[in-house]
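Spelled out from the first residue to the last, the chains are:
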Amino acid sequence: GAVVSQHPSRVICKSGTSVKIECRSLDFQATTMFWYRQFPKQSLMLMATSNEGSKATYEQGVEKDKFLINHASLTLSTLTVTSAHPEDSSFYICSAQNTVYNEQFFGPGTRLTVL
Amino acid sequence: GDSVTQMEGPVTLSEEAFLTINCTYTATGYPSLFWYVQYPGEGLQLLLKATKADDKGSNKGFEATYRKETTSFHLEKGSVQVSDSAVYFCALRADSNYQLIWGAGTKLIIKP
Chain F
1 GAVVSQHPSR VICKSGTSVK IECRSLDFQA TTMFWYRQFP KQSLMLMATS
51 NEGSKATYEQ GVEKDKFLIN HASLTLSTLT VTSAHPEDSS FYICSAQNTV
101 YNEQFFGPGT RLTVL
Chain B
1001 GDSVTQMEGP VTLSEEAFLT INCTYTATGY PSLFWYVQYP GEGLQLLLKA
1051 TKADDKGSNK GFEATYRKET TSFHLEKGSV QVSDSAVYFC ALRADSNYQL
1101 IWGAGTKLII KP
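Read top to bottom, the protein sequences are chains F and B. Numbering follows the numbering used here, with no gaps: position 60 of the first sequence is 60. Plus 1000 on top of the position in the second sequence (first one is 1) and you've got the numbering used here.
Don't read these hints as lab results, they were simulated from the structure. Please note that the accuracy of each hint is not assured.
Covered by chain B, according to a simulated footprint, are these stretches of chain F (three or more residues, beta-carbon under 8 Å) [unchecked claim]:
(1) 31-42
(2) 89-103
(3) 106-113
In silico DSS-like pairs for lysine-lysine, Cα to Cα no more than 30 Å straight-line [stated by the list, open to error]:
(4) F/K20 x F/K55
(5) F/K55 x B/K1077
(6) B/K1107 x F/K41
(7) B/K1077 x F/K41
(8) B/K1049 x B/K1077
(9) F/K41 x B/K1056
(10) F/K41 x B/K1111
(11) F/K41 x B/K1060
Yeah, the Cβ is synthetic: ideal placement off N, Cα and C, and Gly gets one too.
Whenever a hint applies, use it, and build me the whole structure from the sequences.
In structure tokens form, the structure reads like this:
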């Protein structure tokens, strides 16, 4: 199979703190990973495309200094929400591109709540 | 640019009813088309896909046919179950890259 994990599944933090979310492809290597944000009752919004060993490509309107993405290995990408504020509260989902199956596999998501 | 439009929900049906969730797309070239499902409290899962015109994707009793002439990829199931209650997303992937373009999602509620 092709499994993608995310950690943590749920995090609550105080305003002004930073939070790191990990995305791992457990049984395949992924040169490309994606980070999405999902608002309640809304579709997925692509935030950035993460390529192993290079800088992430951010979508228009996404602050790269606020949402730091690091893809240091073929199985791990991290999203750090810096100086989080209540408006950053959301459901963050990662996916990893599996070139063998030629499709994206999704993590279970991380629910971030900023107080 | 490329886009996906799917019917707004929620869609509420009784068990064993026939299901159709409409999805139309706008794209240049020859995109691949996907239906993903998100069950309550779970991550997105690929339900089915089609990579070229007239292909039919099928899985778990669900079907969708890639119709290039009507730029559609409607999801159908002949007899829904309570366990089919979920949010369904239609998506396309351009033939030039890995990015997925998403529809807004349709929440499906099946009542016993």
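Hints versus structure:
By the rule of at least three residues with a Cβ nearer than 8 Å to a Cβ of chain B, the coverage given for the segment 31-42 of chain F holds, with 4 such residues. Here's how the segment 89-103 of chain F fares: 4 of its residues keep a CB closer than 8 Å to some CB of chain B, so the rule of at least three is met and the hint holds. Given a C-beta distance limit of less than 8 Å, the hint that chain B covers the segment 106-113 of chain F holds, as 4 residues qualify and 3 suffice. At roughly 17 Å between alpha-carbon atoms, F/K20 and F/K55 fall within 30 Å of each other, so this suggested pair holds.
Taken as a hint, the F/K55 and B/K1077 pair is broken in the structure, with Cα atoms around 43 Å apart against an allowance of 30 Å. Under the criterion of a C-alpha separation no larger than 30 Å, the hint pairing B/K1107 with F/K41 is consistent with the structure, at around 9 Å. Restraint check for B/K1077 and F/K41: the C-alpha separation of about 23 Å stays at or below 30 Å, so the hint holds. For the proposed pair B/K1049 and B/K1077, the alpha carbon gap of about 15 Å is at most 30 Å, so the pair holds.
The straight-line distance between the Cα atoms of F/K41 and B/K1056 is roughly 28 Å, inside the 30 Å bound, and the hint therefore holds. For the hint linking F/K41 to B/K1111, the alpha-carbon distance of about 20 Å falls within 30 Å, and the restraint holds. Only pairs whose Cα atoms come within 30 Å are accepted, and F/K41 paired with B/K1060 is accepted, the gap being roughly 25 Å.
In summary, the structure is inconsistent with hint 5 from the numbered list given earlier, while agreeing with all the others.
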